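Starting from the known structure of chain W, arrange chain U on it as the hints suggest.
Residue numbers (our numbering), protein chains in the order written: chain W, 526 to 860; chain U, 526 to 860.
Warning: the hint list may mix true and false statements.
Each pair may be met inside one copy or between any two copies, as identical chains are not told apart.
Derived DSS-like pairs (lysine-lysine); straight-line CA-CA distance at most 25 angstroms [stated by the list, open to error]:
1) Lys-770 - Lys-698
2) Lys-770 - Lys-740
3) Lys-795 - Lys-770
4) Lys-710 - Lys-600
5) Lys-600 - Lys-615
6) Lys-792 - Lys-600
7) Lys-795 - Lys-758
To be clear, the hints were calculated from the coordinates, so they are not data collected in a lab. Model, not experiment: these values are computed from the prediction.
2 protein chains.
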Amino acid sequence: MKIIVDGFGGDNAPLAVLQGCELAVKEYGVEIVVTGDQETLKKTAQENGISLEHISFHHAPSVITMEDEPTSILKEKADCSMAAAFQLVKDGKGDAFVSAGNTGAILVGATFLLKRIKGVKRAALASVIPTATGCYLLMDCGANVECRPEILTQFGVMGSLYMKKVMKTANPKVGLINIGSEETKGGELQIAALAQMKEAPINFTGNVEARELPKGAVDVAVADGFTGNIVLKLTEGMGSLMSTKLKELFGGAVGKLAGALVLSKIKALKKSMDYTEYGGAPLLGIAQPVIKAHGSSNPKAFKNAIRQARDFAQSGMIEELGNTVSSMKKPENGN
Amino acid sequence: MKIIVDGFGGDNAPLAVLQGCELAVKEYGVEIVVTGDQETLKKTAQENGISLEHISFHHAPSVITMEDEPTSILKEKADCSMAAAFQLVKDGKGDAFVSAGNTGAILVGATFLLKRIKGVKRAALASVIPTATGCYLLMDCGANVECRPEILTQFGVMGSLYMKKVMKTANPKVGLINIGSEETKGGELQIAALAQMKEAPINFTGNVEARELPKGAVDVAVADGFTGNIVLKLTEGMGSLMSTKLKELFGGAVGKLAGALVLSKIKALKKSMDYTEYGGAPLLGIAQPVIKAHGSSNPKAFKNAIRQARDFAQSGMIEELGNTVSSMKKPENGN
Numbered sequence: 526m527k528i529i530v531d532g533f534g535g536d537n538a539p540l541a542v543l544q545g546c547e548l549a550v551k552e553y554g555v556e557i558v559v560t561g562d563q564e565t566l567k568k569t570a571q572e573n574g575i576s577l578e579h580i581s582f583h584h585a586p587s588v589i590t591m592e593d594e595p596t597s598i599l600k601e602k603a604d605c606s607m608a609a610a611f612q613l614v615k616d617g618k619g620d621a622f623v624s625a626g627n628t629g630a631i632l633v634g635a636t637f638l639l640k641r642i643k644g645v646k647r648a649a650l651a652s653v654i655p656t657a658t659g660c661y662l663l664m665d666c667g668a669n670v671e672c673r674p675e676i677l678t679q680f681g682v683m684g685s686l687y688m689k690k691v692m693k694t695a696n697p698k699v700g701l702i703n704i705g706s707e708e709t710k711g712g713e714l715q716i717a718a719l720a721q722m723k724e725a726p727i728n729f730t731g732n733v734e735a736r737e738l739p740k741g742a743v744d745v746a747v748a749d750g751f752t753g754n755i756v757l758k759l760t761e762g763m764g765s766l767m768s769t770k771l772k773e774l775f776g777g778a779v780g781k782l783a784g785a786l787v788l789s790k791i792k793a794l795k796k797s798m799d800y801t802e803y804g805g806a807p808l809l810g811i812a813q814p815v816i817k818a819h820g821s822s823n824p825k826a827f828k829n830a831i832r833q834a835r836d837f838a839q840s841g842m843i844e845e846l847g848n849t850v851s852s853m854k855k856p857e858n859g860n
Numbered sequence: 526m527k528i529i530v531d532g533f534g535g536d537n538a539p540l541a542v543l544q545g546c547e548l549a550v551k552e553y554g555v556e557i558v559v560t561g562d563q564e565t566l567k568k569t570a571q572e573n574g575i576s577l578e579h580i581s582f583h584h585a586p587s588v589i590t591m592e593d594e595p596t597s598i599l600k601e602k603a604d605c606s607m608a609a610a611f612q613l614v615k616d617g618k619g620d621a622f623v624s625a626g627n628t629g630a631i632l633v634g635a636t637f638l639l640k641r642i643k644g645v646k647r648a649a650l651a652s653v654i655p656t657a658t659g660c661y662l663l664m665d666c667g668a669n670v671e672c673r674p675e676i677l678t679q680f681g682v683m684g685s686l687y688m689k690k691v692m693k694t695a696n697p698k699v700g701l702i703n704i705g706s707e708e709t710k711g712g713e714l715q716i717a718a719l720a721q722m723k724e725a726p727i728n729f730t731g732n733v734e735a736r737e738l739p740k741g742a743v744d745v746a747v748a749d750g751f752t753g754n755i756v757l758k759l760t761e762g763m764g765s766l767m768s769t770k771l772k773e774l775f776g777g778a779v780g781k782l783a784g785a786l787v788l789s790k791i792k793a794l795k796k797s798m799d800y801t802e803y804g805g806a807p808l809l810g811i812a813q814p815v816i817k818a819h820g821s822s823n824p825k826a827f828k829n830a831i832r833q834a835r836d837f838a839q840s841g842m843i844e845e846l847g848n849t850v851s852s853m854k855k856p857e858n859g860n
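So here's chain W without its partners, still in its complex pose (with noise of 0.2 angstroms):
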């Protein structure tokens, strides 16, 4: 198994992204290949005394950054190394894609470059949200801000199919995201949707309202992409504001001591409501596997990408969900 690792994509890199590479050829025992400035990735590893065990650098000059054109990783930045680690893994040097550079950018690359799936409309970011009891699968997170009703119901079966193969979720939930559980309610789209997906080959539990996602209620959740980054966006907010309130609490010499007593159950809520421990947002529809981390991934966000990107590649997830597309009636608005 060979990761194809974007070297300077996020915040942190590529300090971060060498640090999450070596602690993921320690854990999982993968084969990496990391793009970029060769010999700042060296001087890098070398200064901070990082291991390249089974980890290889393919050169690529440029950077593509936050604020170019995700269309100029076909043009200008064509040579970045987020273009590189794309082209690495079309021609067949490596089994998965990871970064955590611009999203738009990594949207555009795997589109042109990895193409979609056949049948697939439209590529979903995906994001794997903590809740209560485990996790559940948002999608789409902002890749397609105006979607179709078909476009939805593939939303649905592509996230299936990755809960199931990648995340070994038996017979996972699907819901859609709608502001009641009634079929009358939300808007054209969601109204047209949810037809279509009880015919879809899915175990579609109808309707889900926002106010049941944390408590874990399914384990696919559809949207848009203007409503699920709006979900996506203000669960992250709404955990932040979390933290402060209990960084707040525990604060102060009595605060503290009370965080002592129960500093196991802290380090637990801590985990359970932790993005990094899941890894990054799978791009599902595309032929390859493609990972995008967190733009502000530290190395154990990195490290868990990478593992995601094997479990992905491993799953045989992208075979079946061609399958599975190319056997569905095609519904008669569709194109």
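Chain U alone, transformed into the frame defined by chain W:
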């Protein structure tokens, strides 16, 4: 100041309603008329030792339930406690309306019995949401699933006036809920609304990401009713997850000891996140003050909803909103 309260709205009616009214009379010195079946109201007050000083009853024989069609308030349930409350306010027998009943019926009753302010295109349900630093007004919370840009602009104007006149926030910051801060972010609705809101007579601070809402980034957050409802319910769901996690943290013998050490802080935290502290959801754009209390309101929540109704009625906001709306330039594609 006379507040008209629907005696049979909400899960805990009529007992919690009457207890809330008793508290409100004591604390705020208001006069209250409670609508509903007079015998049941009298009996409930008597059996529970509720003082009826400054509280009178107005008989209405039927009740509109959560299962009833909202429009039934105009037809077969025209004799319900909620309809009677609207009629009293309409006839000038009271200054404001409070109910914890069927939200759809409140929208229908308010729009058809009390009417919208001249020039207001749609009434919006607004919720006061606690944040790290105080609270913000979220609107629309679900009354208008699909909106046009000029409707969002009016929501911004209404919300801004409410925060200024009723909540006494100086120069309230108004943001448009969107999936990024840049002007090109979002769907057609958000892009067009952003341009219009810049020209509106409000302190408009541009797009606001959902991640920033719990931090208190804005005083008024504007969205279509679908998006607003998702934000409202996810905030509730995450708040409830937070409560569950806190209970786990302070469970068991050692946990209880830790909890005792920081008890005052836990109480303050709970209070700061408690929606009942802020009363109910004002329905903005209606020609008279309407407050929708939460369906599960307890006596304290009813008391605070009555305070909010009083503040709303005293604020002069409705007159000012009428003047502001009529002075605003009509957008070219408006109607």
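Tested hints:
no., hint, verdict
1, Lys-770 - Lys-698, "between (32 angstroms within a copy, 24 angstroms between copies)"
2, Lys-770 - Lys-740, "both (20 angstroms within a copy, 11 angstroms between copies)"
3, Lys-795 - Lys-770, "both (13 angstroms within a copy, 10 angstroms between copies)"
4, Lys-710 - Lys-600, "between (44 angstroms within a copy, 23 angstroms between copies)"
5, Lys-600 - Lys-615, "within (17 angstroms within a copy, 66 angstroms between copies)"
6, Lys-792 - Lys-600, "neither (46 angstroms within a copy, 57 angstroms between copies)"
7, Lys-795 - Lys-758, "both (18 angstroms within a copy, 23 angstroms between copies)"
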